[in-house]
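Starting from the known structure of chain A, fit chain W onto it as the hints suggest.
Those protein sequences? They're chains A and W, same order as listed. Using our numbering, the letters of the first sequence map in sequence onto residues 87 to 177. Using our numbering, the letters of the second sequence map in sequence onto residues 20 to 503.
Treat the hints as calculated values from the structure; they're not laboratory data. Don't take every hint at face value.
To be verified - Quick list of simulated restraints, FRET-style, between CB atoms:
{"#": "1", "chain 1": "A", "residue 1": "LEU165", "chain 2": "W", "residue 2": "PRO119", "range": "43 to 49 Å"}
{"#": "2", "chain 1": "W", "residue 1": "LEU297", "chain 2": "A", "residue 2": "VAL155", "range": "42 to 48 Å"}
{"#": "3", "chain 1": "W", "residue 1": "GLY289", "chain 2": "A", "residue 2": "VAL158", "range": "47 to 53 Å"}
Said to hold, decoys possible - From the derived model, a few chain W residues whose C-beta atoms are all more than 12 Å from chain A:
{"#": "4", "residue": "VAL55"}
{"#": "5", "residue": "TRP118"}
{"#": "6", "residue": "VAL122"}
{"#": "7", "residue": "ILE163"}
{"#": "8", "residue": "PRO178"}
{"#": "9", "residue": "ARG182"}
{"#": "10", "residue": "LEU196"}
{"#": "11", "residue": "GLY210"}
{"#": "12", "residue": "ARG211"}
{"#": "13", "residue": "LEU297"}
{"#": "14", "residue": "GLU374"}
{"#": "15", "residue": "LEU408"}
{"#": "16", "residue": "ASP422"}
{"#": "17", "residue": "VAL433"}
{"#": "18", "residue": "ALA434"}
{"#": "19", "residue": "ARG453"}
Claimed, not checked - Derived list of chain A stretches under chain W, where covered just means 3 residues or more per stretch with a C-beta under 8 Å from a C-beta of chain W:
{"#": "20", "segment": "119 to 126"}
{"#": "21", "segment": "146 to 154"}
{"#": "22", "segment": "167 to 173"}
We treat Cβ as the ideally placed atom computed from N, Cα and C, and that holds for glycine.
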Amino acid sequence: MTPDFIYIFAGAGLVGLAMYRLATRRDMLLRVLALNFLAIGVAMILQASAFGETLTDAVPQAFVLTGIVVLVGVTAALLALAEQIDGHDDE
Amino acid sequence: MMSELSLIVLLPLLAAVGAAAMPRSAGLWGLGATVVTAALAVSLALGLMNGGGRMVAISGMAAPLGIRFVADGLSVLMVLMTSSVSIAVALQASSWGVWPNRVVPERAASLRAGFWPLWLATMAAMNALFLSGDLFNIYVAFEILGLTAVGLTALSGTPAALRASFDYLSAGLVGSLLLLLGVAMAYSAIGRVDIAAVPVLSDLVSGRIALGLIVAGLAVKAALFPLHFWMPAAHSSATPVASALLSALVVKAAIYVILRLSIESGDAMGSLRLALALMGTCAMFWGAYGAIRATRLKLLVAHSTVAQVGLIVMAIAVSGETAQHAGFWQAAALLMVSHALAKAAMFIAVGRIAEELGHDRISGLNRDELRPAAAEFAFGIAAVSLIGLPPTAGFIGKWMLIDGLIERDAWIWVALVLTGTAMTAAYLSRVVSRFLRGGPHISARAEQPAWRIGDLAALGLATVALLLGLASAMPLALLEVTVL
Numbered sequence: 087m088t089p090d091f092i093y094i095f096a097g098a099g100l101v102g103l104a105m106y107r108l109a110t111r112r113d114m115l116l117r118v119l120a121l122n123f124l125a126i127g128v129a130m131i132l133q134a135s136a137f138g139e140t141l142t143d144a145v146p147q148a149f150v151l152t153g154i155v156v157l158v159g160v161t162a163a164l165l166a167l168a169e170q171i172d173g174h175d176d177e
Numbered sequence: 020m021m022s023e024l025s026l027i028v029l030l031p032l033l034a035a036v037g038a039a040a041m042p043r044s045a046g047l048w049g050l051g052a053t054v055v056t057a058a059l060a061v062s063l064a065l066g067l068m069n070g071g072g073r074m075v076a077i078s079g080m081a082a083p084l085g086i087r088f089v090a091d092g093l094s095v096l097m098v099l100m101t102s103s104v105s106i107a108v109a110l111q112a113s114s115w116g117v118w119p120n121r122v123v124p125e126r127a128a129s130l131r132a133g134f135w136p137l138w139l140a141t142m143a144a145m146n147a148l149f150l151s152g153d154l155f156n157i158y159v160a161f162e163i164l165g166l167t168a169v170g171l172t173a174l175s176g177t178p179a180a181l182r183a184s185f186d187y188l189s190a191g192l193v194g195s196l197l198l199l200l201g202v203a204m205a206y207s208a209i210g211r212v213d214i215a216a217v218p219v220l221s222d223l224v225s226g227r228i229a230l231g232l233i234v235a236g237l238a239v240k241a242a243l244f245p246l247h248f249w250m251p252a253a254h255s256s257a258t259p260v261a262s263a264l265l266s267a268l269v270v271k272a273a274i275y276v277i278l279r280l281s282i283e284s285g286d287a288m289g290s291l292r293l294a295l296a297l298m299g300t301c302a303m304f305w306g307a308y309g310a311i312r313a314t315r316l317k318l319l320v321a322h323s324t325v326a327q328v329g330l331i332v333m334a335i336a337v338s339g340e341t342a343q344h345a346g347f348w349q350a351a352a353l354l355m356v357s358h359a360l361a362k363a364a365m366f367i368a369v370g371r372i373a374e375e376l377g378h379d380r381i382s383g384l385n386r387d388e389l390r391p392a393a394a395e396f397a398f399g400i401a402a403v404s405l406i407g408l409p410p411t412a413g414f415i416g417k418w419m420l421i422d423g424l425i426e427r428d429a430w431i432w433v434a435l436v437l438t439g440t441a442m443t444a445a446y447l448s449r450v451v452s453r454f455l456r457g458g459p460h461i462s463a464r465a466e467q468p469a470w471r472i473g474d475l476a477a478l479g480l481a482t483v484a485l486l487l488g489l490a491s492a493m494p495l496a497l498l499e500v501t502v503l
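The shape of chain A in the complex, shown without the other chains:
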């Protein structure tokens, strides 16, 4: 069991769990969390695919970095939307 396999399987497991939660839960906060878990799972798989014998390939890491930037933005937008929806529900 080499480290990259551990990463790939853990990442795939996270993706699976997050997909399951997204499909089964309606609660908005849980779904935002599930999306974050999904992104982290994908990032772990990508990181593991970059492992080399001696050097680590920088391009997948750049992909992951872009993914993180997007994730932060989307999470913020989702939370803002959730707050607005809650505000409407209270009225």
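Relative to the frame of chain A, chain W by itself:
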């Protein structure tokens, strides 16, 4: 070096910043950028017809790692499609006020300040996506597109729109992550992500998995059955201009990438093609079923988008060996353009009808005392184009598709396309028949509201969709242009 290729992306993006910084003159920024971008698109198309396809490496970095814009016939046709729809939508949106020193109602001012920056950024993202020469840039363009399109959905601010935006954004993020995973797997399989490498990908097992993931991500974004769950709510709860843009253009971005991958990979995506064809067929019937059952006009038009997306994806998927059957993907491209024009016309018309009647319940459309005739007429022409009756572009597209299928003895698909067409006619005549009902005896009381700019926009788009069928030699000639 600045060229039309980079300007056509940069200009709307800069104008979006300008419109966001100066919300009072957002309308000016928006109209100006729309017109100039459309002019750039036309000049790009003319240059292409005369001088062949073009390629630009941004900041001088070449493939495989540099950013490259490629303009061939297909991508420029898509850019032209975006420009034509955006001119009509800009006309309609200018009813929220253009001049900064004119006093407008508070609601219109806030819509104006929100709409223009979001839409200009969407336009930039769509143009970037159509011109991108590699998969990672396509991913980046999708991220901009996803965020701004959600903003457009949420613009109306109603609880239904906000809830639909939440679902849209979360579905979009899942699609993006699948896309990213696919792109990264493609990179680890062959070490490059430019689109020219797709044939290499489809020869490898890991490459085929990567392509599968990319297509799955795109299917979420294109609202392809069974991943369309987020779409009818999002498209029917947005404001009319936003619905027109989302339904006519934004879903086309994902379909364009599916088409591009299908052309590049040739015959190689066997099982993936079958899956896409089945999903497309199911979407065609499920969307039509939803539209036949819909009680509200906007929901009917939104469900019709699910069905039309299904038809287009099916046309792409059955194309098979593209070298021999260029007609298939050209038919798909033509169907995309004709759907964009007709659906935008339809949503703007529906917006006008709902504005005049105060509701969009289908059962209440044939009221005698009020007849928004211009918008109803535009809806009717758009319906003719969506069903695919001659002489519209939709007819030419369907004709080429069915012609190719018959040539290949694929009678099952012919039957499916024709059944889908009959269902389209069925749900659209639910609406059109109500517009036509009532004879001369009611016209004495019937009040016709005055023409608004929205009627003009809807009629203009519908007429272009109608005439494009007569002039379909032009888009087809453009589609022949490739980059050597």
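task: List in ascending order the numbers of the hints, as given earlier, that are violated by the structure.
output: Hint check: 1, 2, 3, 7, 8, 9, 10, 11 and 12 fail, others pass.
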